[in-house]
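Mind docking chain B on chain A? Use the hints.
Protein chains: 2
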Amino acid sequence: MDLFTAIRERASCRTYSNEPVGEETLMKIIEAGMQAPSPANNQPWDFFIITRKETKMKIYEESLRCKKGLFEKSGWKWLDSYQVGFLTDVPVLIAVTGDPAKSGADIFLEQGGLGYQHACAAAIQNMLLAAHALGLGSLWYTLFGQEEIKKILGIDDKRAVVAIICIGKPARGPFKTKRAKIEEKIFRIS
Amino acid sequence: MDLFTAIRERASCRTYSNEPVGEETLMKIIEAGMQAPSPANNQPWDFFIITRKETKMKIYEESLRCKKGLFEKSGWKWLDSYQVGFLTDVPVLIAVTGDPAKSGADIFLEQGGLGYQHACAAAIQNMLLAAHALGLGSLWYTLFGQEEIKKILGIDDKRAVVAIICIGKPARGPFKTKRAKIEEKIFRIS
Chain A
120 MDLFTAIRER ASCRTYSNEP VGEETLMKII EAGMQAPSPA NNQPWDFFII TRKETKMKIY
180 EESLRCKKGL FEKSGWKWLD SYQVGFLTDV PVLIAVTGDP AKSGADIFLE QGGLGYQHAC
240 AAAIQNMLLA AHALGLGSLW YTLFGQEEIK KILGIDDKRA VVAIICIGKP ARGPFKTKRA
300 KIEEKIFRIS
Chain B
120 MDLFTAIRER ASCRTYSNEP VGEETLMKII EAGMQAPSPA NNQPWDFFII TRKETKMKIY
180 EESLRCKKGL FEKSGWKWLD SYQVGFLTDV PVLIAVTGDP AKSGADIFLE QGGLGYQHAC
240 AAAIQNMLLA AHALGLGSLW YTLFGQEEIK KILGIDDKRA VVAIICIGKP ARGPFKTKRA
300 KIEEKIFRIS
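Sequence order for the protein chains is A and B. For what it's worth, the numbering used here labels the leading residue of the first sequence as 120, then goes sequentially. For what it's worth, the numbering used here labels the leading residue of the second sequence as 120, then goes sequentially.
Keep in mind that the hints were calculated from the coordinates and are not lab data. All C-beta atoms in this analysis are idealised placements derived from N, C-alpha and C, irrespective of residue type, glycine included. Keep in mind that a hint or two might mislead.
Here are the simulated DSSO-like cross-link-like pairs (lysine-lysine), alpha carbons at most 27 Å apart as the crow flies [to be verified]:
#	chain 1	residue 1	chain 2	residue 2
1	B	Lys269	A	Lys221
2	A	Lys269	A	Lys147
3	A	Lys172	A	Lys192
4	A	Lys297	B	Lys277
5	A	Lys297	B	Lys221
6	B	Lys269	B	Lys147
7	A	Lys300	B	Lys277
8	B	Lys297	A	Lys221
Short, incomplete list of chain B residues facing chain A, as computed with Cβ under 7 Å [as the list claims (entries may be wrong)]:
#	residue
9	Asn160
10	Phe167
11	Ile169
12	Glu173
13	Ala241
14	Ala299
15	Ile301
Short derived list, chain A residues pointing at chain B, Cβ under 7 Å [stated by the list, open to error]:
#	residue
16	Arg127
17	Ser131
18	Asp165
19	Ile168
20	Ile169
21	Leu183
22	Gln244
23	Ile305
24	Ile308
Chain A on its own, in the form it takes in the complex:
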């Protein structure tokens, strides 16, 4: 698939069929992630592949707990109707973790220590594009507590879970949300 087509069409998918994702396809998606840039080529990412129903159920429950807490803190009514059942339907979840020590020179900067997060986010974007080009839907998901999710997945304290990526055949859609006009987003420095 053409790069610009993939970039333009890729959209968040929240309804998946339970058709399994083939191993070769999954590896292509992760390999795409691993081609992202990172500070001093530190490659701070690791990919935790989740396919077992029981583990998905635990993530789902953690997400419900998190959603309830958010609803109480934010008062955002839309959260109440936001369903996260796709977490158990989706054939594959990939927890993308980053190592905070692998942020390059960034760790010495005032605003620093985010290099590993940026690199992981770039890797995730590659993965979402790759999934789309391979006919799959995807979602960048972050509605979970850091400590809780690491406990569920058995991930050590040296890693941070940047996001959980849902990957599977879309049951319908996905539908691209609208973007601002470019004129609203660019400024020319004179």
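Quick look at chain B alone, frame taken from chain A:
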């Protein structure tokens, strides 16, 4: 260009020719960035386009100041030989900023408030891929102080500068750095 070719070939470029980047090309690259996902489609990004030599010089000087400070703090000898002259040679720099208030539900999470950084990083990755597909080199650059760079560019305190992206015709290379083997980076949750 095929998506997987762009993902595989894209590499950091640190040597640019001074050939200008056409306006249409530049808009294509920014449009690609704007197609990235963001928390609740908040689109937290803005793009500050820098083409004036005087501004590039100021960024270069800020980068030298920052490099000196890093060298003192880190003791990393390689920093001494790391040249940043490409900041003045490169035809276009784009400062990608993010609005911390546009992180979605993330702001209520324990590890939260990073959603806008992730979205901007995803936008940047789209831009780097787009630049490559359009025959241009690019670099994700973060060696600057947050307050200092905002002062140079006249960017208000509500925005964070996530990175400065260099874009231009490569004078040579770029050469892709090696990646780990996939087996070193994946874990299967049982």
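We went through each hint and held it up to the structure:
no., hint, result
1, Lys269/B to Lys221/A, "holds, 26 Å"
2, Lys269/A to Lys147/A, "holds, 25 Å"
3, Lys172/A to Lys192/A, "violated, 30 Å"
4, Lys297/A to Lys277/B, "holds, 24 Å"
5, Lys297/A to Lys221/B, "holds, 16 Å"
6, Lys269/B to Lys147/B, "holds, 25 Å"
7, Lys300/A to Lys277/B, "holds, 21 Å"
8, Lys297/B to Lys221/A, "holds, 16 Å"
9, Asn160, "holds, 4 Å"
10, Phe167, "holds, 5 Å"
11, Ile169, "holds, 5 Å"
12, Glu173, "violated, 10 Å"
13, Ala241, "holds, 4 Å"
14, Ala299, "holds, 6 Å"
15, Ile301, "holds, 6 Å"
16, Arg127, "holds, 6 Å"
17, Ser131, "holds, 6 Å"
18, Asp165, "holds, 6 Å"
19, Ile168, "holds, 5 Å"
20, Ile169, "holds, 5 Å"
21, Leu183, "violated, 14 Å"
22, Gln244, "holds, 4 Å"
23, Ile305, "holds, 5 Å"
24, Ile308, "holds, 5 Å"
Hints 3, 12 and 21 from the list above are not met by this structure, while the remaining hints are.
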